[in-house]
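Two chains, each in its own frame: build the complex with the hints.
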Amino acid sequence: MSDKNKKEVSSGTAKVGLGQEIANLVKTNIRDYMMYIALVLIMAFFTWRTHGGFIQARNISNLINQAAYVAVLAIGMTVILILKHIDLSVGYVAGFCGAIAAILMTQYNVNEWLAILIVMCVGLVIGLYQGLLVTRVGVPAFVTTLAGMFMFRGLLNLSLQKTGTIIVPNAGFNALSNGFIPDIPGVNLGFHFLTVLIGIVAVVLVIISQIKARRQKMKYNFQVTSTPVFVFTLVFISVIIMLIIWVLAGYSGIPWAAVIVGVVLFVYNYMLNKTRLGRYIYGIGGNDQAAELSGVNVKRVTLFAFCSMSVLAALSGVLYTSRLQSATPTAGLAFEMDAIASSYIGGTAVSGGIGKVTNTIIGALVIMSLTNGMNLMGVDISYQYIVKGIIFIIAVAFDVRTRSKK
Amino acid sequence: MNDYILEMRDITKEFPGVKALSDVNFKVKRGEIHCLVGENGAGKSTLMKVLSGLYHYGTYSGDIVYNGEVQQFKSIADSEEKGIVIIYQELALVPELSIYENIYFGHEIMKGHAVDWNETIVRATEMLKKVRLHVDPSTKVKNLGVGNQQLVEIAKALSKNVKLLILDEPTAALNEDDSENLLALIRELKTQGVTCIMISHKLKEITAIADTITVLRDGSTICSMDTSEHPVTEAEIIKHMVGREIDNIYPKREKKEIGDICLEIKDWTVEDPVKQREILHHVNLNVRKGEIVGLQGLMGAGRTELALSIFGNTPGYKITSGEVLVNGKPKHFKNPKEAIKDGVAYVTEDRKGNGLILIQDIKYNTTIANLEELVSGLAINENEEINVSNEYKKSINIKAPSIEQKVGNLSGGNQQKVQLAKWLFVKPHVLILDEPTRGIDVGAKYEIYTLMNKLVEQGMSIIMISSELPEVLGMSDRLYVMSEGTITGELSADEANEQTVMAMAVKS
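For the protein sequence lines, the chains are R and A, in the order given. Reminder that position 25 of the first sequence reads as 25 in our numbering, one-by-one numbering, no gaps. Reminder that position 116 of the second sequence reads as 1116 in our numbering, one-by-one numbering, no gaps.
One or more of the hints may lead you astray.
Calculated cross-link-like contacts (lysine-lysine; reagent style DSSO-like; alpha-carbon spacing at most 30 angstroms) [unchecked claim]:
id : chain 1 : residue 1 : chain 2 : residue 2
1  : A       : LYS1427   : R       : LYS219
2  : R       : LYS274    : A       : LYS1129
3  : R       : LYS162    : R       : LYS356
4  : A       : LYS1266   : A       : LYS1331
5  : A       : LYS1341   : R       : LYS84
6  : R       : LYS212    : R       : LYS356
7  : R       : LYS299    : A       : LYS1427
8  : A       : LYS1318   : R       : LYS84
9  : A       : LYS1406   : R       : LYS212
10 : R       : LYS356    : A       : LYS1352
11 : A       : LYS1334   : R       : LYS299
12 : R       : LYS356    : A       : LYS1406
13 : R       : LYS219    : A       : LYS1111
14 : A       : LYS1111   : A       : LYS1129
15 : R       : LYS84     : A       : LYS1111
Not everything, but these chain A residues come out facing chain R in the computed CB check (under 8 angstroms) [as the list claims (entries may be wrong)]:
id : residue
16 : LYS1140
17 : VAL1141
18 : ASN1143
19 : VAL1146
20 : ASN1175
21 : ASN1313
22 : THR1314
23 : TYR1317
24 : ILE1357
25 : LEU1358
26 : GLN1360
27 : ALA1369
28 : VAL1375
29 : VAL1388
30 : ASN1497
I should point out that these hints are in silico values taken from the structure, not numbers from a laboratory. Remember, predicted model here, so these are calculated numbers, not experimental data. A virtual CB, placed ideally from N, CA and C, is assigned to each residue, including glycine.
Okay, chain A solo, but in the shape it has when bound (with noise of 0.2 angstroms):
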């Protein structure tokens, strides 16, 4: 028997110009966690935000059925009051208020007229207890880490009393601890009684916690598996995503030829002034012409810190020792300006704060970092930047109408596209890229990859920085690792694996 707390029939959401979702049907069983995966752009989305009454009942057709009735919600608030809660991928707590008044924000606990504050620290506590965040409810919540500002947002779900909890990429800005002890925190939920929707797309989080897990792509459901029927593989979840096998998610690169460093840092020490602690201890690396070379470490090891202190971009830290040596020659950068011009490039982890800008287009983003090239005389030669932006458009596989599409409306993978065109028109010997395949669908995590592979054939030196182990194992000819502002290992493609890399990236 199959007893169904949440489905939607038919649901069909159109956008000027574009079917979002044509006729999905979804159906979750009551008490258990079912995953919603597809690429960017499939609709999981615009789904939820059908489901949460964000696009409210007449702008979509066909029905919601909640605990056996058709929903017509006009609002978030309507959703909420029925116990269906969505915690976004940007959290939505207020940084400068403590932790019991952010899960109390909305709907305050009130005596009279006044909030009362006692029995609301009284009951917050109580939430934290079940997500077992061991804090002060008083704290601030900007100074939580993520992983525990996403405990927080659970926190205040359940003081809504929750019954379905929709988590859109709970784990994507975690680090490995903290989306263990996050999924073990669903599970216990589950047994508690509360059914979860969870969008991911960490595959193995979702082949490990899933219950169901249902295929979104190009805004049709593809298929529902049960993993209680049979156990389902990533390989499987993959095809039906892009539609077609993988069979490498890494592809190999043809030519290994690997020359003298290109880039070197010696001793590199970077101190907080602030909190009068260094964050960098004599971090010593170096990448090789034609060379990938990762950096793995934990999420707050140092490694954006220190790709931004190379790169001559570092708010409020100060360099206390050390040199950077570009192609032999002693360098120092007091700007990202400085480093450009000497071939480093850094392509963000932070795509949308600080690596685009979005309400320019696609042309325009391609060509800031360098509109030297482009420059005759005072003016702009705008034509030639046309063509330009159409090779690179072309070259790298943007998806979009045309380069005068707006940034801010394309998808993760083609945002990161457009990161990728900016700096690799800057023409650099040393790429850094912070996080590349971040929020990326597999299609385009495939491109990205291969793209690299292309670039270090040309003799260029990539610098990766990932948190995903299995990523930097796939593509790096020599990895380092980082732990706490140090490096703890250098190992070479063939010594490198899950539990070496782990033991140093634990290391303190």
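Same shape as in the complex, but just chain R (with noise of 0.2 angstroms):
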């Protein structure tokens, strides 16, 4: 019971062997591990299913440019479900800002970017208006946001009524969720050069990063994962990357959702892991008396899960606005319902307190593959709810066993 959660900082001095090392590793991490080989699972069967249709680079791209706008509100979502919270109305939240940037551009000749600026600041006041009621009224968040889903329907039809269908002219925005990052000017190798660039950058950079943190710890003298398991990992990761990026060099290079995906996702994750927001957040999930009797502002932090979780959605919908070059009146519809499910496969606990972002992206990665795997088999869309719904309560069901063993 006891030396489960021996990992590589712990301050125990035992030796173990390899062997025992990678055993304990996996009965640590089983819940992380059985994740990837879902995923891995699920885009072989497709893959399989489309005869390759499924995992050539075009498609891929696609997926990517596809999942971008849940897995921002998957990641603004899991903040709010560790806080043991709930935001219900981030689909038409979602829906309404993309209705409005496409109105600024289109009937006010606003420019595009501060379109988008302006839109996110609507995000933080409808954040605020949900998190006041929740901190500072007292109203559940559950019925705070429901109604909220009700509002930003109707006032997403409202917006739209006159006009119907928004087309969206502006390049610049269109590109955000369908446009790729230019290569180098004068450089044609056959394959996008800067992509590869970037990629050989990223694999540098974690290789630093991660033999730092070693050294640090050792400075310290706290016990590490053996060399073996640290090169192998070291390897592994670097694989993956170059794969993805190698795949994506052959056809247009990184799109600029996975950019912004990236730089949401990399902002959250250093914000849950490294700052005392972060810490503060896990703490209210775990036990909110706790938490304010520690000096933690309770309902500060909240307040700051509502906003940010709106700012998100509004995110959310200029990248849907974005993808479309359009706004029309059903967007939104379900997204809360893809960034829920997306964070609890992610691992998210159901009784809060637990949960990381960079999970949330593979959950993300999960339902959006399912979706787009399914488009391409010509799947029908009743079909395609059902089995999401299977492997979500699938994914939750194991999460719950698993812990519960703990």
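Laid out in structure tokens, this is it:
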């Protein structure tokens, strides 16, 4: 029971054999490994069923563009779910914000970047409104955001009532979810050079930072993973990165959507793991009263989470509108379902206090791979919902079981 | 002649990596009160869970012989059918339901396909009479005090026709009066033929009530003592529990240097606006540098409310008058964060409820209240954090394989030490300890007392809230007694004894 938690930083000095170490790693991280394996299996299945169509560079780029708006929502949702709250309104907040962006650009000739900025501010205001209701008035988040679902759906319809679907002509705006980063001018090697360059830089950065962290730990005399395991992990990560990069470089390079998701992911991952705010979020999710008595301002942190959620919803709306190159009254339908499912499939605990945004992204990839793959196979949308529901419940059931064993 | 109602033979129960019980033998005579004692983690609760069928047949080795027959309980329902009922420390009542609904919850009285509520009420009233609880059976359980809720649990057990009643620390959350009442009831049940196994940490009540005392240590039976053969003393029990003799439960301080007033409360009045009544009236209190001040009072006297309102955490309450002075400067703490900043720390009585974050590890819990000190730039210096937690783990002897151990998996005593580590890392001037040794075994208690002495020797001020009289008398330099939201007396260590304090505690 006790030596399960021996990760690399534990202070114990026990020397264990390589086999034992790997067994321990698997035992500790079984939930994560199962998820990776599931993702690979799902991808392999669709590749087989579509005669290789799924894994083609073109489709992978497509998948990333499709997954971006859900991934952004799911990251924000993970924070909300860790805090034991929920936000059901995100879909229509996204839809509404996307519509406002389109209106600003087409009817008021606002520059697309300014429009995005304004829309994010609208998101912030919505977050403040819902967050204050939850923290100051004390209305449960479920009710607050269910009411929000009604209201923002209404506002979305209202804002598009006169015009119907608005086509967005702005090229820069539409590139967000359809375009790719440009290549270095003058280079023509038959593949996207800048993408490969970014890949190499990323791999080098990962290796340097990992080695630095390991050195630091050894300086403090903390136990670290053995050299073979450490080297294997580095090689494995590098190969995965380069594989994805290679596929993308063979087509048009890295999509802008991937860059945006990457930045959001990096910021939230850093916030949750390295900063005080992150600690407080996990603490409140684990035991809000204990957190309060430890000097944490629970209300302020919760308010922040709702604001961040709605701002990300606005960003998600921008990405979705950009993807369709138009704002439609049906935008936002069932986004919250995909976002919540991604977060739970990614291992966020149903009882709160536990969750990682990096795993949420894997969850989002699982959900969007299912959508994309089944679309390629021509599976009817009704069946798609059923399949997603089954995968979702299996993931959470597995999660609950493995956790209760610990 | 010995007629045993229960014999547990060579019970061994293993969890992955831990042998919780090894060849435990445990015999209970029919119609006796049998006390089961041992340090936390000694295996008492595990043994009772094996008996009740919660750890079902096949997950342990050994035999349970009940009424002369070997039993193979697959669930709690199986053992209850045979008349074995266990009442846990955390009461299993539904607060929003009435007393009679609770008593017959899970074994409703049926008339055809519907519940016969009239019959239920009649029988529930009978059961309440048996436990001498004179309240309307339609009262909601949430409106009862803890003591009366305990009685409802026993009434529920009686309604199941209990033959062997197991009580897990039944008096842990009760005040002296309620405890007395409960013990009297247990004695009465004995005369009606109910055999009772009681787990308890309160040695005084054990020596008063037990016919037989069995001591467990590290998953083994150490001894079983028959109190009719020779009277068993508390010292004797302690010796068996810890495996060595503790001469003095309350360690003496080597030097006493009491300085200036560090924290002072003047004319402190707090009101509950919902019920429109004052819960604290004009409280005056102070603590000096290097001093341990006891705050004694019965449950409900307002001690925790006082501490929390000083600490800036008053959900729903309103402070109507008074001031807090820290080192002579007036302060008004709007939230715990401000209090912590000014060097006041509050260690809660309810470590699982609002003290610790159980799903996180020792490291996390140690540093959560003072992350400011570990921050460089935006990020927390995690290596430094590991160092800090390891230091505290070592210096206050938290027994765990590593600081990455989840706090929820630790024993009560070690959880309490993690709480102390957390608040010591804040480096407070004033430490308010609320029931610091509740539900903790003798060995860990002694360590905590020693730590308290060390801290005041270093110049800290401690306010110790406790309902255990001997502890307050043994540790305090000075003590206040509270009753119904008022300080009813202030005594120096020399003036205080059980009689003077008790007299003040029941004064209104």
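message = Let me make sure I understand: some of the numbered hints might not hold for this structure. Which ones are they, in numerical order?
response = 2, 3, 13, 15, 16, 17, 18, 19, 20, 22, 23, 29 and 30
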